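Make the full structure from the sequences, and use the hints.
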Amino acid sequence: MLVMVDLDDTLCNTWDAGKGTMFRVVLHLFGKGKFRMVYYLLTGGYRELERSEVYHRMDLGDLIEAVFGRVYSKVSQKDIDDVLKLVEEEFFSRLRLYPDALPFLRGLKDLGAKVVLVTDSSSRWQRKKVEYLRIGEFLDDIIISGETGHSKLGPYNFRLAASRFREREIYVVGDRDETDMAGAKAVGGIGILVRRGYFRNRKAKNADYVVDDLMGALEVITREHELKAGATP
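Numbering of the sequence shown is given in numbering that gives the first Met the number 0, commencing with residue 0 and proceeding in unit increments.
Note that these hints are calculated values from the structure, not bench results. Heads up, a few of these hints could be off.
Below are the DMTMM-like pairs computed for lysine to aspartate or glutamate, each with C-alpha atoms no more than 20 Å apart in a straight line [unchecked claim]:
hint, residue 1, residue 2
1, K127, D139
2, K77, E47
3, K227, D207
4, K127, D15
5, K31, D80
6, K127, E88
7, K227, D109
8, K84, E130
9, K184, E166
10, K31, D81
11, K18, E89
12, K73, E88
13, K77, E88
14, K184, E223
15, K108, E225
16, K113, E218
17, K18, D58
18, K113, D140
19, K31, E64
20, K84, D61
21, K113, E136
22, K84, D15
23, K202, E177
24, K202, E47
25, K108, E136
Remember, predicted model here, so these are calculated numbers, not experimental data.
What follows is the structure in C-alpha cells.
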C-alpha cells in the first residue's frame, strides 16, 4: 500500500502560520513606505500566483523577489533580504503540525503503508519544514516540485511516486482538489480531500472522499484497505 501525503495545510498549519507572518510583513513594509506592496498583499494580489507552474517550484527568496517585481519596476536587494529574513523567522515561529498529524502518520505505518510526501515549493524550503517538524522518520520518500522541475498542477510527481514503489493500492491525501485529488486520479488511486487551510472552501471535483481531518482520512484508508484485503483471493 502506498500513501502519498501533502505537507502544507494537510500535515501542518502553513496557511495560519502564513497569515500571522503576512501581518508582520505588512507592518514592516508600511514602516518602509512600501505602500503599493502593502496594498497588493492586503487585497489578495498573491492569489494570481495559484495557477503558476513556475511559482510553485521557487525558493522563498526568489518568490519574494518575483512578487516585488510584480509591484515595482526596481527593488533593492536589501529590501528583499530584509523581508526574507523576517518571513523565515516569523513563519517558523508559528509553524506547527496539526494535532492529528502524528497519530495519522503512525497509523499509516501500523498498516504497513509506504508513505511518500509529495509537495510543491523549493527543496530548501520544504526540507527545512520536514526537519523542523521532525516527521522524516515516517517518510519513505520525499518528492518536491523544486527538485523534479514539475509542480503538482500536473501529474508528473504523483506518477513518479507511483513508479518508485509500484504498489497496486494507492491513496493520496491532501487539501487541494485540483492538484492532490487530480493527482490521485492520474495514478488510479483513491483521493481523500482534507478540508483545512487555504483551500478549505473550494469545490471538490476530483476527490473520492472528503473528510474534516486526518483521522477521518485514516479511517477511510483503513476501511478501503480491509475491503481490498478481503476481496483478494
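Here's how the hints hold up against the structure:
With a CA separation close to 17 Å, the supplied pair K127 and D139 stays within the 20 Å bound. A C-alpha spacing of about 25 Å is found between K77 and E47, which places the hinted pair above 20 Å, so the restraint is violated. Of the supplied pair hints, the one linking K227 and D207 holds, its CA atoms being roughly 16 Å apart against a limit of 20 Å. Note on K127 and D15: the hinted pairing holds, with a Cα-Cα distance of about 18 Å set against a maximum of 20 Å.
Restraint check for K31 and D80: the C-alpha separation of about 14 Å stays at or below 20 Å, so the hint holds. Taking the CA atoms of K127 and E88, the gap is about 13 Å. The hint holds against a cut of 20 Å. With a CA separation close to 17 Å, the supplied pair K227 and D109 stays within the 20 Å bound. Between K84 and E130, the direct Cα distance comes to roughly 19 Å. Compliance with the 20 Å bound is thereby established for this hinted pair.
Of the supplied pair hints, the one linking K184 and E166 holds, its CA atoms being roughly 15 Å apart against a limit of 20 Å. Between K31 and D81, the direct Cα distance comes to roughly 11 Å. Compliance with the 20 Å bound is thereby established for this hinted pair. The suggested pairing of K18 with E89 holds, with an alpha-carbon distance near 10 Å, which does not exceed 20 Å. For the given pair, K73 sits about 25 Å from E88 by alpha-carbon distance, which is inconsistent with the 20 Å threshold.
With a CA separation close to 17 Å, the supplied pair K77 and E88 stays within the 20 Å bound. Distance restraint check for K184 and E223: the Cα-Cα separation of roughly 16 Å lies within the 20 Å cut-off, and the hinted pair is therefore satisfied. Only pairs whose Cα atoms come within 20 Å are accepted, and K108 paired with E225 is accepted, the gap being roughly 15 Å. Proposed proximity of K113 and E218 is supported: the alpha carbons are some 17 Å apart, at most 20 Å.
In summary, the hint linking K18 to D58 is supported, as the alpha carbons are separated by about 19 Å, within the 20 Å threshold. With a CA separation close to 8 Å, the supplied pair K113 and D140 stays within the 20 Å bound. For the given pair, K31 sits about 16 Å from E64 by alpha-carbon distance, which is consistent with the 20 Å threshold. Restraint check for K84 and D61: the C-alpha separation of about 13 Å stays at or below 20 Å, so the hint holds.
Proposed proximity of K113 and E136 is supported: the alpha carbons are some 12 Å apart, at most 20 Å. Simply put, K84 and D15 have alpha-carbon atoms about 19 Å apart, close enough for the 20 Å limit, and the pair holds. Proposed proximity of K202 and E177 is supported: the alpha carbons are some 9 Å apart, at most 20 Å. The hinted pair formed by K202 and E47 meets the criterion: a straight-line CA distance of about 18 Å does not exceed 20 Å.
At most 20 Å may separate the alpha-carbon atoms for a hinted pair to count; K108 and E136 meet this at roughly 10 Å.
Of the hints listed earlier, those the structure fails to meet are numbers 2, 12, in rising order.
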